[in-house]
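With the hints as constraints, model all of the structure from the sequences given.
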Amino acid sequence: MGFPSFQHRVNPRVQGCFHLVNRLYPHGVRWILRDILAKTPDLDRQWAVTTKNMVSSLAHTFREGTVWMQSLDVADAVQRLKTLQVGYLAGHEREEQLDQYYAPTNVTYGPKDLVRYYGELLASSLHGYWRSSKGDGNYDARQDTRSGDLDAAWTRAAESTTGLYLTSSGVSSAALVTRAAYPSTLFPLLAADVTRALFTCSLDDPKWSSWTRDRFGELQYCLLKRYKNELRRVRVSTRNARYFLAEILSDNAAVKPLMAAYQRFSHGTTHFGPDGRRFSNRMVWRLFFVNYAAGFCIPRIEAAQFDERMRHRLSLPPNVRLNLVLMDVNEFREAFKCTREYASPQCPVWKRKADGHGGHFDVA
Numbered sequence: 001m002g003f004p005s006f007q008h009r010v011n012p013r014v015q016g017c018f019h020l021v022n023r024l025y026p027h028g029v030r031w032i033l034r035d036i037l038a039k040t041p042d043l044d045r046q047w048a049v050t051t052k053n054m055v056s057s058l059a060h061t062f063r064e065g066t067v068w069m070q071s072l073d074v075a076d077a078v079q080r081l082k083t084l085q086v087g088y089l090a091g092h093e094r095e096e097q098l099d100q101y102y103a104p105t106n107v108t109y110g111p112k113d114l115v116r117y118y119g120e121l122l123a124s125s126l127h128g129y130w131r132s133s134k135g136d137g138n139y140d141a142r143q144d145t146r147s148g149d150l151d152a153a154w155t156r157a158a159e160s161t162t163g164l165y166l167t168s169s170g171v172s173s174a175a176l177v178t179r180a181a182y183p184s185t186l187f188p189l190l191a192a193d194v195t196r197a198l199f200t201c202s203l204d205d206p207k208w209s210s211w212t213r214d215r216f217g218e219l220q221y222c223l224l225k226r227y228k229n230e231l232r233r234v235r236v237s238t239r240n241a242r243y244f245l246a247e248i249l250s251d252n253a254a255v256k257p258l259m260a261a262y263q264r265f266s267h268g269t270t271h272f273g274p275d276g277r278r279f280s281n282r283m284v285w286r287l288f289f290v291n292y293a294a295g296f297c298i299p300r301i302e303a304a305q306f307d308e309r310m311r312h313r314l315s316l317p318p319n320v321r322l323n324l325v326l327m328d329v330n331e332f333r334e335a336f337k338c339t340r341e342y343a344s345p346q347c348p349v350w351k352r353k354a355d356g357h358g359g360h361f362d363v364a
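Going by the UniProt record's numbering, the sequence shown wraps up at 364, each residue one higher than the last.
Check before you lean on any hint, since a few could be wrong.
What the hints assert, rightly or not - Each computed DSSO-like pair below joins lysine-lysine, with the alpha-carbon atoms no more than 30 Å apart: (1) 207 - 337; (2) 228 - 351; (3) 225 - 52; (4) 82 - 207; (5) 82 - 351; (6) 337 - 351; (7) 207 - 225; (8) 228 - 337; (9) 351 - 52; (10) 52 - 207; (11) 82 - 52; (12) 225 - 337.
Derived by calculation from the structure, the hints in this document are not laboratory data.
It should be emphasised that the depicted structure is a prediction, and the values quoted were computed from it without experimental measurement.
Structure below.
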């Protein structure tokens, strides 16, 4: 129940039954998840540090400038970024607060038409659930992970344009690997979704100059052309590629601030291998990229569902998303000793050092 894709594997009636379990018993399955999270050492501190690092790194990257933003637009994006509020399933609310919107439902088995009774009970349960979203408290605790965009690791806050929430599944997955000391080498695996969310939300409803809009259009054209070429190479339809522009842009934008946050978070940390020898800088970067790539892996249990999504052109192939991003990163090519033939044409999102404002788009 901790994974957003859970509902894809069961039929609607079973989904309804699980929802009723949540209502018939105080707090249901979600309470179990919250209880697990509440016992995780320093979860609040860990996620606060993660978010702080991501905001700081992304703000620094924005300040350095992009190839498609004028300085005033950069300042606006940084200001928007700093006002974003990131929430998550913290697991520390008082039980009395939870009772206000997870009140148990008493059930008797009097009616002869049990199917009709089941439907009415489910309808009233859903109605009560959504009404409970009013008032104070942890919004994510009331956010049903089995609704909305099930493939997203974060969601917008309904009550605020400056809020976003990590899904409970994402936090609980992170909790499994952060019960002891926070493993800095896993940072790119755990924080990549946060970076994408922050970047995307910081660009919401922009009032850009015409110069910025034109350059942004060039960047989109460059990225789209490049991804279409790669999709053709792996024999995947390009018909819906344009629908994934936001995902493509956030993938390409996430790596640089994520690397900066990784360096900041790991500062002073010495990494040792199984043989007790200290890792070289190249090996430390390899660990970064291996864990970043792990975030694109499809679990075996979800492979059939993902294949179905690919057939209907609802997803981009993970290898295409990953490879086109990493081949633009010098540190990646150096860490794995890639030959120059693997250096792809670049569609830069961020300025390189010593670049002038504007950069160069390879759209040939």
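*Against the earlier hints, flag every one the structure doesn't satisfy and list their numbers going up.*
1 and 3
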